[in-house]
Amino acid sequence: MRIFDPHIHMTSRTTDDYTAMAAHGVRAVVEPAFWLGQPRTSPGSFADYFDSLIGWEPYRASQFGIRHHATLALNPKEANDPRCRGVLDLLPRYLDKDGVVAVGEIGYDAMTPAEDEAFAAQLALAVEYELPALVHTPHRDKASGTKRSLDVVRESGIAPGRVLIDHLNEVTVGQVRDTGCWMGFSIYPETKMSPPRMVEILKEHGLERMLVNSAADWGKSDPLLTVRTAEAMLAAGFSADDVDRVLWRNPVEFYGQSQKLDLSDVEAPEATFAGSSILRGGS
Amino acid sequence: MTVEELRRATDPAWLATAEKQVRADPDAAGPLFARAARALGRGRLRGVPGWTAAEAGRAVLLSLLPPDHVVRLYQQGDTAERLAVLKALPLLDIGDAGVPLLHDALRANDPRLVAAALGRCATHLDAATWRQGVVKCVFMGVPLDRVDRLDERADAELAAMLTGLAEERAAAGRTMPPDAVALLTRMEKQ
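Chains as they are written, first to last, in this note's numbering: chain R, 1 to 283; chain V, 1 to 190.
The hints are simulated quantities; they were obtained by calculation from the structure and are not laboratory data. Model, not experiment: these values are computed from the prediction.
As a list, the in silico DMTMM-like pairs of lysine to aspartate or glutamate whose alpha-carbon atoms are at most 25 Å apart:
id, chain 1, residue 1, chain 2, residue 2
1, V, Lys136, R, Asp51
2, V, Lys20, R, Asp96
3, V, Lys20, R, Glu128
4, V, Lys136, R, Asp48
Per label pair, the in silico range of CB-to-CB distance:
id, chain 1, residue 1, chain 2, residue 2, range
5, R, Arg83, V, Asp25, 30 to 40 Å
6, R, Pro113, V, His124, 45 to 55 Å
7, R, Met1, V, Asp104, 37 to 47 Å
8, V, Asp126, R, Asp241, 56 to 66 Å
Covered stretches of chain V (chain R as the covering partner; in silico rule of three or more C-beta atoms under 8 Å from a C-beta of chain R):
id, region
9, 29–37
10, 74–80
Ideal placement from N, C-alpha and C gives every residue a C-beta, glycine not left out.
Isolated chain V, as found in the complex (with noise of 0.2 Å):
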């Protein structure tokens, strides 16, 4: 997925006069940001999949943003606009810029953020917040298929934190979610 794949995806009426107003004055972006739902729409967007209309559009006009820009979109978001900047960050040239905002998803207690900073802007997360993350998904309940290059990045440290949940869990009559059994037991095998 690219950039240009997402606004040529995206309806241009609004995009345009958007990114033209974004690339005169970076301060725009805001307000055009937090509007971008209503004027595309939470649907997803067809021929690109996994996108809705309104993330494209958003990932389009923080492509145009210096990095303290984007991060204070994220700061100054919603749940969707935080949402939709995770979403973005790996086809946005910010180097680590982001990764104080994937510490911040990961603190949240809305599962939404802490799945979306596992997705594919974990590349630049630390080992150890990393499995944190993850067994913090486990206690969730998110899905562990949200986890991008969950079995790559899984090791040793975080099987020992996943088998001590277990062990938990088993104390108090209570099971682990079968994703996180299955790991386990892939971990076990290698």
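Just chain R, with the same shape it has in the complex (with noise of 0.2 Å):
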């Protein structure tokens, strides 16, 4: 079994994780730039950040041989912040790195007027910069969060097919599907979706433009819950390659879409990890 878990924040995670999703089958990540426990005051916290994602934190993927892609952004929470508001100024030039595979994650916290601009903004960058797009629906108000995200990604001009809406759930999954947005599901071990849920939405919606993750972040969260969803769908009768196309080529299609996923280190084979190379190590 090949697990790419689209949406996981590895900054937050120790090598234990890294060894443990190894020994589990996943091959690729995507890291979305997101908030951190610690709200930041400076454009300048943002460019450490983003240069850990596409520097610091792939070299520590690829030590366990694993491929780690990042989507950058500002973010909705700390869009509301004035002083980080230069974090858009940044943007553009990280956008032509080629770790760098969506403008994300975008869209609303509490759903404010500087939210609203951040999210129109970040929208324009990935028409501009030719990449898919990864939005985040609120915590609050969920329904109505996801409804006025979808009016905003169709008020952008982007195609549909390039926006991925994440960590819906039962209520929220029919009005993307319809849209031809891509859908994100996070399960967690107790918040967002379990892995039982998760089958059911998949045999009520089928696996098109479906992906799963895991969002661990630095809260109560798992890397292997993927893997966990993965085996839950063939408990229920999904075949091999249903999971396959869920776990792997469905993201592999969304973020392919960027021109820039490089999967040649791991989709090889006779792909395992010598463990000492320098050569290694992404981009």
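Two chains, each in its own frame: build the complex with the hints.
What follows is the structure in structure tokens.
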């Protein structure tokens, strides 16, 4: 079984996590830029964070034979702090980098005017830099936040097939499916979505444009819940090919639209990790 | 290796346009530098051993730039871009303006950057920094054949540092990499 986790914040995870992920078949990840537990107060903090997401973290992942790409953006929560607005000016030079396969996470947290502005500006950047966009849906007031996100996406002119609406659930999946956008589900130990519920959603809505992620970060989360969902799919009668579609080929297809997804290291049949080569490590 | 040789070996279709843009406006180099690997490929360059097409193209662009722009492309680069700058430094006529970049790379925890800072570009590094770099290579398991002019620059102080490391390793029941042991043996014979 090969697993591509299309949304996981590895910066917050330990090397033990990388070891366990590799042992369970996780061979590729995408790490979206997001907020941290502690709010940041200047664009400089973001520059260092972005540098880490295209520098140190891909190297760290490569030590475990895992390919790491990133999506970069000013997240909706910190878009509300005027001291962080300069991040929007930093983004263009980062969006040109090889390891950046989408603009994200963008979207809404509390649906403020500042979030409206950052969301629209960054969808415009996605169009300009020919990148897909990863849209976070809010934890509070999710249904109306998802609807409003889809309105902003439509107004931006970006092709729906290049947009991933993430953190969906039984209540919000339907309105996204009909738009042509991709549907993301974050499988969490207690909140958001569980493996058995995910299986039911796949049974009802099919496998097309479906993405399953762990969204593991600095909170209570589990980087192996992608694997657990794959196992639950098999137990429910889905085929190994179905699992491969949802947990490998779908994320490859979505992020592949960036023309920057490079899995040459991990897709080769003999791709085992030697452990000491300094030639490895992405880009 | 010269910039001219690299230019001749690189896909002229992309490079000629990119060079024209950079000559007209040095600030145009950033996006071109970032996109070079996608435009030229990461494959080995035919007829130019040890260089990829992207590294060669990036070196040619760097050769058109003043030192402060070279420094900025490193500072704003991802790992591959930084490695390309370090590799190109010996071909650029910028004196010791690249030394702060070597210091930056030696502070990194990515062994590719540490190794690159001790390649041919290390000529401008002072002895103390260079010795720290070599010992860091031994720590990180970077093969010492990546260090330019190793035997020529290795001195008694480096030997003392490596001997100290060997003693710590022995105390911990760990071994030294064979190439470090071999270096110490060669130095003892001198």
